[in-house]
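Q: These are the residues of each chain, in order.
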Amino acid sequence: MSEIKTAAVLCTGCGIGEALDLKELARIAQKEGKIGVLREDPQACSAASVAALHAEIQEQGLTHLLIAGCSRRAKTEAFNFPGLALARCNWREGVLWSVPEGENAPELRQEMAADYLRMGCAELKKLKLPQANPKAAGNRRILVLGGGASGLTAALAAADMGHEAVIVEIAPQLGGWAAQWWRRTPWRAPYAVPQPTGIDELVRRAADHPLLRCHLGATVLETRGAPGRFSVDIATADQGQITEEVGAIIQATGFTPYPIERLPELGGGMSPWVIDQAGLESLARASDGAPIRRGDGRPVRTVVFIQCAGQRDATGRHLAYCSGHCCATSVKQAMYFKAAQSDVDTVVLYTDLRLPGMGEDFYRSAQTQGVTFVKGEAKAVTPQGEGLRVAFRDLILDTDSAVEADLVVLATGQVPRSGTDIDLPEEERAVAAANSVLKLAYRQGPDLPQLKYGFTDSHFICFPYETRRTGIYSAGPVRRPMDLAQAMEDATGAALKAIQAVESAAQGRALHPRSGDLSYPMVRLEGCTQCKRCTVECPFGAIDEDENRYPVFNESRCRRCGTCMGACPVRVISFENYSVDTVGSQIKSIDMPDEFSEKPRVLVLACENDAYPALDTAAMQGRRYSAFVRVIPVRCLGSVNTIWITDALNGGWDGVMLLGCKKGEDYQCHFVRGSEMAAYRLSKIEDTLKQMGLEPERVATYEVAITDVERLPRLIDEYVAKMFEIGMSPMKGFA
Amino acid sequence: MSEADHSSAYRREFLAEVEREVEGGTWVKMCMQCGVCAGSCPFGPHWEHSPQKIFMMIRAGQREAVLRSESMWLCTSCYNCVVRCPRQLPVTHIMHGLASYAQKLGLAPKLQATRDFSLQFWENCTRTGRVNEMRLTLGLYFREGLVAGFKQAWAMRTVAWGLLRAGRLNPAELVGGHRCADANGIKAMLAKAREIEARRKAQHGH
Amino acid sequence: MNAIATNQTLLVIGGGISGMSAALEAAECGAEVVLVERNASLGGRTAQIYRYFPKLCHPLCGLEINLRRLRANPRVRVLTLAEVTEVSGRRGNYRVQVKLAPRYVNERCTACGECAKVVTRTIPNPYNQGLDTIKAAYLPHALAHPQRYVLDASLLGSPEAEAARAACPVGAIDLQMGVETIELSVGSIIWATGWKPYDAVKIQPYGYGRYLDVVTSVEFERLADPRGPTRGRILRPSNGEPATNIAFIQCAGSRDENHLRHCSRVCCMVSLKQTQYLREAAPEGAQATVYYIDIRAIDRFENFYQQVRADARVKFLKSKVARIVHNAQSGQLVLHGVDTEGYHRYAREHDLVVLAVGMEPETNGLDLPEDLIRDASGFIEGSSDGGQFGAGGAAAPLDVNRAVQSATAAALRALQVTRAAARAEELKG
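Residue numbers (our numbering), protein chains in the order written: chain A, 26 to 760; chain B, 324 to 529; chain C, 5 to 433.
For reference, chain A alone in the conformation it holds in the complex (with noise of 0.2 Å):
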């Protein structure tokens, strides 16, 4: 290991030199904390300071540093020392600005001050200089799964930007669904007609296109490795095999129509004349603009289409959600026939039509066309002489009705073609197994985590392409219902999120959201003790095992949440500049008051997205909260390795608090289940308190969002003031 040379740099703007002995304080970095070159600087973020900072790390060959003045989260642009190992104490926002008011006030920061300063120095000593994945990967290669219009939006997007791009389809030729279809839906001014689907033309790029190759006929047999390395079998239209090396993956694989036989109240599976979108398409294709006819011949004079058929439905025995585009294919069918022919009557019936945006000229031409809207509840459907007799409650005119019609279309909804639900119970899993579309070889199964009725789609409202596996991208129907305007564009990004996962890769860096972090998860085999609870607990299934049962990091997929290392009984997993020891030696560091002296220590372990900038945000808006407490950010409540809290309270803390984001359904972790895990594994501390002897209450996890600025100042103030109740910690003076 290189030599390590420190500096610390005390600012003392901001009322700090003013608020604090920074004699006692310097003496306190240079005699416990050990730090090589130290000085004060009246305004460090000043440019004059900064670059004479600069110039005294080059002088100086200093490694690392410490700047103790505000919150990490201020000032990043003046403190940004590449090459460097940087720890920051938080002297402003975390006491100057959070000590309460009062006749010990000076007392209680300079000692919150001190303590934060051991902390900066413990902390600083431990860091190591990411150095990025040496197993880094550069395949910049993009393979496809779909040849759809999504799949050869994506493809093509990625080649024009020159990536190297394979499709993988299962069909015998590209074009999806949308090559089915007679017209789409206008996408664009003026959102009056059907369009051509212009699917030939993408069809027709896409196998021009020099840097674009297909496997039609071809299904993924497996699927190994991570972003920059994957490699994936592929079983060919004639019995062979072959292995594609790419660096990222995008799957496209689209839907299937909900099956209309599962309608037969509506006269799905009843009668040929009841057909459904897609039905219709087929039948607008053949008869190639002349007015359509059904399957016997006969031309359609009524066609009535209910929407919503098998959808929204809310007895669990369809599919719950609305698709979205079906008011909009709907109202284009509807024109088909009056395109053909005028008089024949188009009606459609909805409860809730949906054409967002500019969907509503489309509809307002549909009604200048003279279709029909009628909105009611469609009952049953039943034939009646050579047509069909549709019977409905028309809520408007609050009537029992019915219209008879040569044809019946039914819009049902899209199913996602999504493979295996991998959070099925593990005996139902290895039955569905047999549909899993990616067949990735990972220890968390086969295909991608689905979020809500089957679709893959993200859970973050902020970040639409966040799946749980990076490197590996959902777009188009799979991802979300959709059109195929929507399904074009979605792959556009899609195309984006994998040529970004190949250039970090390719680099050794971090995806969203620790985009750019060069650390990465180091384990000591030596000492593991193959209980597989990293392998378990990724939330982004990163971690592989091998034929011995040890845990195999595959860095790429990682994203550097440290949930593994909170999950390590045995604690051999770390990061360059986050492990078990940077923050266990910063809470082995404080001065302990003794117990008489009734000041009580509580540890706050703070999710540094939320919990962190919250605690912020209230000190800056002079919200209060006791100085009993240090705060510790973290990656994420699931990297807090239960080994910080046992030695915090050996170590005389009276009390834990934990401030993760919200869990369950609604979760609100950006690394899905952190929260969740850390609230798993407390559950199991309250044994070991009771070995300790200590009460329950001197561990607690709480949910706090970013904006609890009020409320988060108030559970410290309860929680110390709970500490004072129990009484100070027995384990004080045994450490």
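These are calculated hints, taken from the structure and not from any lab test.
C-beta: ideal position from N, C-alpha, C; glycine also.
Take the hints with a grain of salt, since some may be wrong.
No farther apart than 30 Å at their CA atoms in a straight line, the calculated lysine-lysine pairs in the BS3-like style are these [what the hints assert, rightly or not]:
{"#": "1", "chain 1": "A", "residue 1": "Lys477", "chain 2": "A", "residue 2": "Lys404"}
{"#": "2", "chain 1": "A", "residue 1": "Lys477", "chain 2": "C", "residue 2": "Lys59"}
{"#": "3", "chain 1": "A", "residue 1": "Lys757", "chain 2": "A", "residue 2": "Lys747"}
{"#": "4", "chain 1": "C", "residue 1": "Lys319", "chain 2": "A", "residue 2": "Lys477"}
{"#": "5", "chain 1": "A", "residue 1": "Lys404", "chain 2": "C", "residue 2": "Lys319"}
Covered stretches of chain A (chain C as the covering partner; in silico rule of three or more C-beta atoms under 8 Å from a C-beta of chain C) [stated by the list, open to error]:
{"#": "6", "segment": "628 to 639"}
{"#": "7", "segment": "686 to 699"}
Place chains B and C on chain A using the hints.
A: Relative to chain A, chains B and C alone:
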């Protein structure tokens, strides 16, 4: 139309007829059933079917129910609905158009006050080119028969007395009455207008 | 300044969620990006949203993640208080004039807040839609980036400006700052200029601007937010009493040829979400009624709609409200209209009315480059030369999730242009 026979329900026959025959009829299909016309109408509480509901009934093919309805006769042309309609339907014109078409077909409800007033007013003023108020008033009072007429005239006696004293009502009008200088000219104008209307209808539907 | 931008640089106009996303996604692919924001800080309208549907999570959480990404990425150059005034040139080689308004606070600022302590003058608080006031020396909001104070121009020339200057311990206040204009060379442009709420005053029968208790959905968002003017209590503006019977009127401006001809897509979900704010803000049991034409809870949001439907405190009436009248005696607002499902006339009293106002492009009414292609409502489709792109709310009325998706797609298209420019350059070289 009986419940069992739906062969013409929700078909375009009646809508097409309305589009062909009724002023503003081509707009009926553009309604999106928001109901703002119904909520905006000052006569709302008094009629059976709101405009938006009439538009739906037209789509449903309820020809008799629409044309025999009294509702559109109640329109006072306040235009609240027209200015608020998000689809800019000329609701007022459509109401008058429907009323006029129902009248033409002889389906308009008998003894409907607006209808009777309109008919009498038209007949009254096109004959001489001027409104004979005496005859118009009495014509309306006695439209439901002798007894009802006397009752209503009696009820209005103080108003009549006031008008008489102010010189606003001339009993002599009952027998003769004044006319405009060129009553034949008025008739010629009306004949020309009908001719133009018929020509336009032949060309464009309405 | 020219040095930071070349024809391989991508310009993103607008620093809201769409602009930030487009800039970050492109930069994380290795592109150089200039991000231009008209306001003093990034975040746009999403920073003013209390919670997102359907998770009811907090927009600031995602904003913090994006700010982290931004701070960690030297490839994005952020210009705030900056407005694009002119675009010339063409695809692969644009010249853009950017006007920088003075902040009167330079980069020495540490956000310590000493200046605000000596300033007493207040201005309407833009963060809270002007529903309350802030000091004229202010930090735009809790997560403002850059984390620097702003001195409002109204202070200039007053003794308070001088006092603020004197109070700053680091000499960050510069009262001599003036308007600056810079020129950038860029290869492609993303218009992420966002949306604005339709001017509700124009919807005359609803009385916005005449009746204090008629507010817009954008204002209601601030009322429900603990950071808002009422600290999260939903109070009637007329008398400060808690609102207990709230009406939500859908399509206020949208789907209306007299106003906005398009459907604004998000308003149904916004109102559904806002009915749920009552659970937190008025636990004693406020009622809500949603007046709608069609509920557009598209795709899996249907689930959220069904949840709200099941909430006994929320009623749904299929009706476009005809007009609102103030009952002077009760102080209530009377909504007149017709429940079109079966034709039931109503005159229902409410103590607060929220207009779910439509979205129109923020750029409507502004001078834009002639070759931008816009639809009938002014949303930006692209440019005739294929080098400029619309993203997010500037391109269509979209919710945040779809806006980010749109911005990501726009980033790729813009990258294709700058990469092509780079390849052309290589060939020349």
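Q: Give a verdict on every hint.
A: Structure-based check of all given hints:
1. Only pairs whose Cα atoms come within 30 Å are accepted, and Lys477 of chain A paired with Lys404 of chain A is accepted, the gap being roughly 28 Å.
2. Simply put, Lys477 of chain A and Lys59 of chain C have alpha-carbon atoms about 13 Å apart, close enough for the 30 Å limit, and the pair holds.
3. Between Lys757 of chain A and Lys747 of chain A, the direct Cα distance comes to roughly 18 Å. Compliance with the 30 Å bound is thereby established for this hinted pair.
4. A threshold of 30 Å between alpha carbons decides the hint, and for Lys319 of chain C with Lys477 of chain A the separation of about 27 Å falls inside it, so the pair holds.
5. The suggested pairing of Lys404 of chain A with Lys319 of chain C holds, with an alpha-carbon distance near 25 Å, which does not exceed 30 Å.
6. Under a criterion of three residues with beta carbons nearer than 8 Å to beta carbons of chain C, the stated coverage of the segment 628 to 639 of chain A is upheld, 3 such residues being counted.
7. A count of 5 residues in the segment 686 to 699 of chain A with a Cβ less than 8 Å from any Cβ of chain C is obtained; the coverage claim is therefore met, three being the minimum.
The structure is consistent with each of the numbered hints, conforming to all of them.
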